[in-house]
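There are 2 protein chains.
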Amino acid sequence: MKENISGCSVEEAMRLIGGRWRMLLVSFLLEGPRRFNQLRRDVPNISQRMLTLELRALEEAGLVLRTVYPEVPVRVEYSLTPDGRRLEKIVEVLKEFGLWLKARPAA
Amino acid sequence: MKENISGCSVEEAMRLIGGRWRMLLVSFLLEGPRRFNQLRRDVPNISQRMLTLELRALEEAGLVLRTVYPEVPVRVEYSLTPDGRRLEKIVEVLKEFGLWLKARPAA
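If you're matching them up, the sequences are chains V and L in order. Numbering-wise, the first sequence is residues 1 to 107 according to UniProt numbering. Numbering-wise, the second sequence is residues 1 to 107 according to UniProt numbering.
Bound conformation, chain V alone:
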């Protein structure tokens, strides 16, 4: 990598949260903890396997917490960690940009 600090950090961030789904999942988790199947309904065009992988990546990065409640049937909930909440500002500006994108006349 070049020593351009700014570029480097953008790449570092995008390596973790780039990709089509992660910020979308984070945007739903910002509303509160969610079960796996709720997230599947929130994001109907994600496959079950992809959702599992994306949640696991966010979990391994310390941004999402997976909590297993020992009930019958077992309940598994996903929530944002305090570190994951750092993504709130990014979600906000993405939302703003996405709304503008959808509203502008086709390019």
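No lab work stands behind these hints, which were simulated from the structure alone. Glycine residues also receive a C-beta, built at the ideal position from the N, C-alpha and C atoms. Worth double-checking, as some hints may not be accurate.
Stated by the list, open to error - Chain V side only, calculated, beta carbon under 7 Å to chain L, not exhaustive: (1) Gly18; (2) Leu53; (3) Leu55; (4) Arg85; (5) Phe97.
Here the structure of chain V is known, so what remains is to put chain L in place on it, guided by the hints.
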């Protein structure tokens, strides 16, 4: 898509600017117009083909302008359009998050 407006817009935004390279390229173009080979030096681990494709996608989305100066040899410059400058705030928060990511102890 669900009618969840916020989620939808985040997906809309990420579909266009997600991926590892686009916001990185935008972060360099925010500093001023750049030639193709400058961008290759800025982002040494992108392939020539990928750089071409990424710039073309940004151009087709109306975020980047490609200007050909009829000199010998021909000079081609890439710059952000006014719409592309809307990404500045996103680059800023990504930078902030990336810096934090790099500074935190390994997860």
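These are the hints, each one checked on the structure:
1. Checking V:Gly18 against chain L: minimum C-beta separation of about 5 Å stays under 7 Å; hint holds.
2. Look at V:Leu53: its Cβ only gets to about 16 Å from chain L, farther than 7 Å, so that hint breaks.
3. A least Cβ separation of about 15 Å between V:Leu55 and chain L goes past the 7 Å threshold, and the interface hint is therefore violated.
4. Because the closest C-beta pair between V:Arg85 and chain L is about 11 Å apart, greater than 7 Å, the hint is violated.
5. Satisfaction of the interface hint for V:Phe97 is found here, the shortest Cβ-Cβ separation to chain L being roughly 5 Å, below the 7 Å cut-off.
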